[in-house]
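Asks: For the sequence shown, my numbering begins at 1 and goes up steadily by one.
Take these hints with a grain of salt, some might be off.
Mimicking SDA-like on lysine to any residue, the simulated pairs with C-alpha atoms at most 20 Å apart in a straight line are [unchecked claim]:
# : residue 1 : residue 2
1 : 71        : 130
2 : 71        : 29
3 : 284       : 181
4 : 284       : 185
5 : 71        : 256
6 : 71        : 185
7 : 284       : 239
8 : 130       : 83
Across the chosen pairs, the derived CB separations fall in these ranges [what the hints assert, rightly or not]:
#  : residue 1 : residue 2 : range
9  : 2         : 273       : 16 to 26 Å
10 : 85        : 36        : 28 to 38 Å
11 : 5         : 241       : 42 to 52 Å
12 : 165       : 197       : 18 to 28 Å
13 : 3         : 161       : 29 to 39 Å
14 : 234       : 6         : 40 to 50 Å
15 : 154       : 177       : 16 to 26 Å
16 : 239       : 207       : 43 to 53 Å
17 : 241       : 185       : 20 to 30 Å
18 : 45        : 5         : 39 to 49 Å
19 : 170       : 82        : 28 to 38 Å
Simulated from the structure, these hints should not be mistaken for lab results. Even for Gly, the Cβ is constructed at its ideal location relative to N, Cα and C.
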Amino acid sequence: MITLDPQQQAARDWFESLRDRICAAFEAIEAEAGSDARFAYTPWDREAEGLASGEGGGGVRGVMTGQVFEKVGVNVSTVGGRFAPDFAQSIHGAGDDPSFFATGISLVAHMANPHVPAVHMNTRFLVTQKRWFGGGADLNPPIPYAEDTDAFHARLRAACAPFGPDVYQRYAKWADDYFFIPHRGVHRGVGGIFYDHLECGDDAEFDRNFEFTRAVGEAFLDIFPQIVRRRMNQPFTDADREAQLVWRGRYAEFNLVYDRGTLFGLRTGGNIDAILMSLPPVAKWS
């Protein structure tokens, strides 16, 4: 067990409530398609994963396989402990003291119809010797449509607007830089936003950065179901499916080689199935 202070508890409560609303929205889409698919939830505990006493916390892995969502995972976790000394040097605020706390939500959806884009969303609150929020959302279509890309970015732009005139541009560029596969020389998708190290040095900064993180979650919950409904009944060909499977191979390469969240989960004793839920159910290298 780990003891949470008011900021940590507030962040955890938000991430879990967002999880509940996202899962309900995705189940509603499955119901519209005539499917009875529902999320299956599996709790996990860090001490049960074989970690030493004092390495506390855990999470819940939620996965659904359906008619529209070929595989979607929505995970929440709240963990605390100490980083390994070498890993601590790479974490903001942990160089002198490896103690940490982290809570967050992570979501990846791989869709049955190649015309429906895959998507990733993650927001988190970390505490070392510093406190900060990070996260973002990005759209990953095997077959891009300008209408979907524009709608996704417009909604994220609107979420960023109250927090400064250049916030969207900075975080959109950060996403373009981050979600890039160097060995392929291609971007993972059509972008979105990515941000990190929004520090909370006092209550006012916490409130503002928490408000921004909530705005990102609300924007995702608003726009992605709209895009899914726009494309989920669109006919597709064998060639479309082939393009989807090859594209998924690129997605898997990024998540296994470059993704920070994958590394963070593996280096902090997270649940392996939860960490690797981002991988597609079927992929192809050709």
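Asks: Against the structure shown, which of the earlier numbered hints fail to hold, in ascending order?
Replies: 1, 6, 10, 18
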